[in-house]
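K.L.:
Construct the complete structure from the given sequences, taking the supplied hints into account.
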Amino acid sequence: MRIANLITLMLLLARAASAGDIGSALQDFDQGNQRYRDGDYRGALAAYERVLQQGYESGVLYYNTGNAYFRTDEIGQAIRYYEKARRFVPKNPELLHNLTIARTHVDDEFSRVPEPFWRPAWQSVARILGAGGLFVLGMLFYVAGAVVLAMKIRSGPSPWRRRILVVAAVGTLLFVALSFYASLGGADRRSGVIIPDEVTLMTEPGGSESDHQIHEGLVVDIASERGEWLEVRLPNGTTGWLLEESVGEI
Amino acid sequence: MVRILSISFFLFVAGAAAAQSVEVTGTVSATAVGRDDLIVFSVQVKGASLSSVTTPAPPTTEGLALIQRVPSTHRNMTIINGKLEESVGYRWTFRPIAEGDARIDATQVVVDGQTYSTRPIAIRVLAQSQAPPQARRRQQLPLVLPGQPQTDESQEIATQDLFIRAIPSKRTAFQNEQVTIEYQLFFRDGIQLRHSRLAGSWDAEGFWREEFEVDTRPIPRSVVENGLLYHVIVLKRVAVFPTRSGTLTVDPLKIETEAYLPVGGSDPFERFFSLRNRFETVEVTSDPVRIEVASLPSGAPASFDGAVGEYRMDASLDATDVQVGEPVHLSVSVLGTGNLATLESPLFVPPGVFEKYDPDVSTDIHRTGETISGKKSFTYVVVPRSNGEFDLPPIEFVYYHPREQRYVSVERELGTVRVTGTAAPLAAGTTSNGLPVDDIASILSSTDSWRDTSTPPLHRSPLPYVALIVPAALLLLMQVRQRHVERIAGDTRYARSRMAHPLAKKHLRRAEQLLKKGDPRAFYEEIERAVTGFIGNRLNISELGLTRSQIDSRLDDAGVAEPIRASLRVLLEECDLARFAPVLPDRQTMESASERAAHVIVGVEEAVQSRLSATA
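The listed protein sequences correspond, in order, to chains B and D.
Quick note: the first sequence uses the numbering used here, first residue 1, plus one each step.
Quick note: the second sequence uses the numbering used here, first residue 1001, plus one each step.
To be clear, the hints were calculated from the coordinates, so they are not data collected in a lab.
Lysine to aspartate or glutamate pairs mimicking DMTMM-like chemistry, simulated, CA-CA at most 25 Å apart: (1) 1170(D) with 1305(D); (2) 91(B) with 1438(D); (3) 1375(D) with 1396(D); (4) 1356(D) with 245(B); (5) 1356(D) with 108(B); (6) 91(B) with 1439(D); (7) 1506(D) with 1586(D); (8) 1356(D) with 73(B); (9) 84(B) with 1439(D); (10) 91(B) with 1452(D); (11) 1254(D) with 1210(D); (12) 84(B) with 30(B); (13) 152(B) with 1491(D); (14) 1356(D) with 107(B); (15) 1356(D) with 197(B); (16) 1170(D) with 1225(D); (17) 1356(D) with 38(B); (18) 1506(D) with 1491(D); (19) 1170(D) with 1215(D); (20) 84(B) with 1452(D); (21) 152(B) with 1486(D); (22) 1506(D) with 1573(D); (23) 1375(D) with 1310(D); (24) 1356(D) with 109(B); (25) 1375(D) with 1358(D); (26) 1356(D) with 198(B); (27) 1375(D) with 1413(D); (28) 1254(D) with 1225(D); (29) 1356(D) with 1344(D); (30) 1505(D) with 1605(D); (31) 1506(D) with 1543(D); (32) 1506(D) with 1519(D); (33) 1356(D) with 1305(D); (34) 1254(D) with 1287(D); (35) 1170(D) with 1210(D); (36) 1505(D) with 1576(D); (37) 84(B) with 1438(D); (38) 1254(D) with 1205(D); (39) 84(B) with 228(B); (40) 84(B) with 249(B).
P.N.:
Shown next, in the form of structure tokens:
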């Protein structure tokens, strides 16, 4: 049990230590909000950017950034930041409303390939707990298993200890594996938003143009990367290549 | 598309010309005649009264014989646009002398003391059997010769008498370059036309077309071609813009008209009455026009959008100091010649802070000049959504100049727009949960928890790995320790061998203390205990019940070398001596004994270890 306490303490300390000076970031955030209210959307964007540069992010920060981009008529960027915000505050009503409004400015409409049933459930679990939460859960099983194993070493085997050990091993493996999968970006597929007004999908990196033209604001999945080219998958499943600079990664 | 052409049908008025100045033309009834046909040579003097013209002498000829020396004289007075036009005509009749080339030389006409001259006319005289029918007919046109029967029934219009000529401004052009085509209707002097209309459809596939305005009641212009007098009216003028490269064909223009050939005679009453029945319907068709179209050369600037012609551009802003949300109008006019209808709006990309609306476009095309020209205006509305000073990028328009054969880029600077004030909250309805209907919800000021982006992701941080390894390592240690404890409890040999070193060390340490205290007897006791105890533990024997020689033989069995054993024997004897001898050993001897004891312990340990590793 001492070990579990120690690990929790270490995790907490690491978080607290890296949080550093948040005061200046908050000041910039407030300044950005004021600029936005004054109608200086460019100024607001600059202030929000400073917050990000100081190493802080939050759902509301991304939401406000999306609003400022919307006001400057950069729909692609607006959608990109709303989508980023959605990873933090997926149920926020203002965010969902603004995303709906921004999407009405997007020219492209595609039918959507259905998602596997487990994905939304997994995504919400990963969002609520995060990789750290999943890892802590895995650690609880691990430590419990370790304690039971220690008891077994001291006092010899017993049937209930064996059962607990099996459960602990399965729990540990599952949650630690999931935590690493979430940490490696497995919860949210790598995706991006089209930033230019119009781009033509290429059949291969630097290859010939296909007859697919896509427009600003369309959210695409990023399937792979080769040099400065990204392979993107449209919502209808069509794939093609685009230059990195025309996709704003979420 | 059939359009009725309302051409004036009183075109027979000879000499109808708008010109005030004197004009003298010489024409013949036909330029190719049979050996037995007659040729009528007419001299027309326009813009002069009969009194001012001196009756000209008949022209000298070659291969033609003059039938009558005194010309028949005609006088016409026409009122055109309220002006009196007078013309005087003289006619001579000739008969060919022989087959072959003949000629009528220039004729001098003196009008008000000034001499005018007609052009010489070449005539071809053919065998009567080969004579063109119109020649046979033409001979009767101006004059009815006594004794020759009228052959009204045989009258027909020849292509030479009535035709449409299509005149393109050029036969080769670039894609989208303007080419004008004029369709002129030529009809011989004396032919009357009425009820003319366009027959069939006229099309120009592969072209964008712009029609010019043409006079719906045209006044014919007189021209002399090959010595024949024609009246010409413009039927249609059209500008065509090829939309693709290659050889493109413009359809022939076809009209249907009722034409009448006067049956000679100078009697005006006869002419008038003969109008009724002798009009016949004829179709007249122009030649198709072929145009070779070249595609535009490569190297067009990126912003080129297909405009070809000659243009200039004006651009202006209606305001440069505005409030946030107040619209700024940018008026851009492109003026010039070319296909204005399909002209795309010039490229204008304002800074993102401006909301840009699609431009209002108005086109004003002039269809009266030599080419289609005009003005296309684009009015952009941009609304600043934020305050500040913004440099608007220059507006750019690129076109291809076909005469200079190069791309021309026109740029107009727009300058800086200063925006002041703050954005007013947008008036909009709200939904039931308080969100605006057609607009985004405002920003949020209270934030959810901040996350430090500098924290590495879980898989990059060392902590999880440490957290996973530490309990495993602790468990492993625990397992090893447990094994050790269990072995000590159950295996005496193992337990004694594990105890040998610590015990020997303990005794040697005590011996050291006793040496310092100066208690030789106790010192030697401890030395003996350290050495024999170590040997007993290490060899797992009870050292207490063994004699010195038994110990020695056991050591020998254990493979301890003789020098060590000898050293041990000496040391143990020294110990016995020290305990019972009355004279105590000095300090130096005791220190040496301590050293030798350590030496023996090391020697025994080495021997036992090497034996153990040998057996293993």
